[in-house]
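Novice: Protein chains in written order, with my numbering: chain A, 1 to 268; chain B, 1 to 251; chain C, 1 to 277.
Rather than coming from a laboratory, the hints here were simulated on the basis of the structure. As the structure is a prediction and not an experimental result, all values here were calculated from the model. Among the clues, some could well be false.
Cβ-Cβ distance ranges computed for the label pairs, FRET-style [stated by the list, open to error]:
no.: 1; chain 1: A; residue 1: 12; chain 2: B; residue 2: 249; range: 48 to 58 Å
no.: 2; chain 1: C; residue 1: 261; chain 2: A; residue 2: 57; range: 47 to 57 Å
no.: 3; chain 1: C; residue 1: 119; chain 2: B; residue 2: 173; range: 57 to 67 Å
Some, not all, of what chain A presents toward chain C, calculated at C-beta under 7 Å [said to hold, decoys possible]:
no.: 4; residue: 40
no.: 5; residue: 141
no.: 6; residue: 171
no.: 7; residue: 238
no.: 8; residue: 265
Cβ atoms here follow ideal geometry from the backbone N, Cα and C, with glycine treated the same way.
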Amino acid sequence: MTELRLEGVSYDYPDGTVALVDVDLLLPAGQTLALIGANGSGKSTLARHLDGLLRPSRGRVRIDGEDAAARSVAQLAHHVGLCFQHPERQIFNHDTFEEVAYGPRRLGVADEQIGARVRAALEAVDLAGAIGSHPDDLGDAARKLLSIASVLAMETPVLVLDEPTIGLDARGVALIERLIGDLHAVGRTVVAISHDLRFVAETFERVVLLDAGQIILDGGPAEVFAEAAWPRLRTAGLEPPAAALIGARLGLGSTPTEESVVEALRSR
Amino acid sequence: MTLLYIPERRAATPWHRLDPLTRLTVGVATMLAAVLLGGVICPLLLASVAVVLPAALAGVLRDVLRTGLLLALPLAVSVVIVNVLFATGTTEQGIAIAAEVVVRVLTMAAAAVLFYATTRPSELVASLQYHGASPRLTFVIHNGVAMIPRLAERAREVTAAQRARGLDTEGSWPRRARGVLAVAAPTVLGAVREVEARTLALETRAFARPGSRTVLWPPHDTAGQRVARWGILVALLVLFVARISGAPLPC
Amino acid sequence: MLTFRDVSYRYAGASRDCLHAVSLDVPAGRVTGLVGPSGAGKSTLCLIAGGLAPRVIGGRLIGEMRLDDEDVSGWPMHRLAEHVTSGLQDPAGQLSLVADTVFDEVAFGPANLGLRRDEILERASTAMRQVGIESLAGRDPRLLSGGQQQLVILAGLMAMRPRVLVLDEPVAHLDARGTREVLDAVAALSGTGTAVLMAEQRTSALASVADSLALVAGGNIVAQGSVAEVLDDAATVALGVEPLPEQRLRMRLRAAGLDPALLDAAPQDPAPLEPRA
Chain A
1 MTELRLEGVS YDYPDGTVAL VDVDLLLPAG QTLALIGANG SGKSTLARHL
51 DGLLRPSRGR VRIDGEDAAA RSVAQLAHHV GLCFQHPERQ IFNHDTFEEV
101 AYGPRRLGVA DEQIGARVRA ALEAVDLAGA IGSHPDDLGD AARKLLSIAS
151 VLAMETPVLV LDEPTIGLDA RGVALIERLI GDLHAVGRTV VAISHDLRFV
201 AETFERVVLL DAGQIILDGG PAEVFAEAAW PRLRTAGLEP PAAALIGARL
251 GLGSTPTEES VVEALRSR
Chain B
1 MTLLYIPERR AATPWHRLDP LTRLTVGVAT MLAAVLLGGV ICPLLLASVA
51 VVLPAALAGV LRDVLRTGLL LALPLAVSVV IVNVLFATGT TEQGIAIAAE
101 VVVRVLTMAA AAVLFYATTR PSELVASLQY HGASPRLTFV IHNGVAMIPR
151 LAERAREVTA AQRARGLDTE GSWPRRARGV LAVAAPTVLG AVREVEARTL
201 ALETRAFARP GSRTVLWPPH DTAGQRVARW GILVALLVLF VARISGAPLP
251 C
Chain C
1 MLTFRDVSYR YAGASRDCLH AVSLDVPAGR VTGLVGPSGA GKSTLCLIAG
51 GLAPRVIGGR LIGEMRLDDE DVSGWPMHRL AEHVTSGLQD PAGQLSLVAD
101 TVFDEVAFGP ANLGLRRDEI LERASTAMRQ VGIESLAGRD PRLLSGGQQQ
151 LVILAGLMAM RPRVLVLDEP VAHLDARGTR EVLDAVAALS GTGTAVLMAE
201 QRTSALASVA DSLALVAGGN IVAQGSVAEV LDDAATVALG VEPLPEQRLR
251 MRLRAAGLDP ALLDAAPQDP APLEPRA
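Take these sequences, add in the hints, and give me the full structure.
Specialist: And the structure:
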């Protein structure tokens, strides 16, 4: 179980661009949280602070109360696994097994446990049939899933996914939704960055809106996607999920998910 | 390290104002001449005239020397070790040979860095097109010049992705060395893919079209520069002939 | 109009065809959308339509490709590029890298065509205005956001004044605002008579601009028709194509034993994407 806490974190890029401004965020163990915001709002910068790839210019990141500054990225990788957006920037092995085994091996997982971990991770993304294949022989969508599996196999208490649904079709998106649900059920913390607000509303218990490096909204999907919050979403360049729009049109209250629309209509 | 174009600090210097083709000629000729010239004095004279002077003029002397040294250092160190410690002749002979090689390598590296640091890829392509280079040649040179900054950026991204998977880049040197493949493979493969993708993007905008194209911002070529370029080529040719015919060095 | 007749294609080094005898019309002044599951052949179809396959990437193409009743199969790439241009998914990867300003990036294509200088300047200015990026003219395109870069690329393609514009997932990496801007530009371009072929995973984005859709699956076009005809079909959804939000809700209501007509109780909802600022 790992609890992450950002205390007054600001980050300026070396060229002077201000990417995060005084961000306070407590991420309790076992929570699923989506980071949303326009291109360039600071989502990826924030995510990279969670595993130490970026260190705050001001403020502090605490991991289970301890200052993360004292630990290397390699040490933090035991607690936080981060999967980047572009699979082609990390896949380098000649077969899927070795690719997925890379992370656990770096963490020092014993050889006899590697096989089970790799198989479980590939199974979780529906790639059990591709075990041992050359990653180049997989399609773009499967390579995306492979990159997710390679971080999944690290079995870190916290998992951070940058745009996990880009490049996936509806079936792939549904798979990611199920996967995050399963991880949540076993108490893992999941943070995801996404532009797909339907996916966000359907999948996460907490949603944080960033705009120009600041947290503008923070709450459950019902709060963040409630009609009262739409102006702030739109100022930040986003549009509420369709279920919320339809619910508002029908006067159902805040219905960020399809399930909530159905339930509201049923009880009507 | 500076392998990229350094934005001019003041208004464009006389060196920056030259036609990029002239700067390219100076750079390539310097590199070739450094190979052809023997001894230590000649290459040093060459370096001071063709690298140090223009670099100072362009206000990038420190960057050029620093990056040139960094690039040449690994080779220079190994040459010194081989020639001084394991030489068959006397130590003095070993030192002399090592000095010759180091000076040449340094001159070549600095000449290349000077060109890169003072030339935007866009200017070079415009200049080549203006002088009627074939689209294919322009394309190849363009990829070569444009790729280095992209490669460096990509390597940083890949390193971040692999560190997130537990790659240790902060530990001991042997541990770091083992991580080289994990960074190098996606970087190089990614660069190849990127060149492929960019090829598509350029082809669809008719970059490879034969025939004349309109150069929106033509280079500042002058009669003096044309004469200088030909002069440099002739001098290089003379040097080449002199060296293969065994003529003694002037210095 | 761009026309395919019985086009089959095999990538260089592949052991089997990726597209099987595909026939498709991409009419002038309309946006033709391509939908289908991952790996169905949408991107391949885009590469062929843009002339890049097989001319640039190799492979073997059988069948006929016509541009306004002219057979273009034998045309070299640079000749086709004067009439058909294509945009790809990753905006940064498409920048020419030889342009230091947005203006030069947009002018890159027309300059390659060897047009007169004043015409190039006019075309670049017009295209930037159409896409709404005049204010970015002096910026370095490499330093813009992904959405802005995609608009720059689009303007660069429009400045070529193509008869056919092919776009492969142009909004995949964009937020709602960037998506809206790109889609508006595409709609405006098709309004001027350009034939647009656009592949897109995000069907709700595509549905807002497409005049018709073709459903690609397993290297075949398995359905063609209006947006509603193609998407409002259980078979389409079963293939893994994302249903439109309303349609998805109707399916859920039906599954919950409720009447889908409950959604029609109030007036139509606003457009699913933010109107342009």
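Novice: Okay, which hints does this one fail, numbers in order?
Specialist: none
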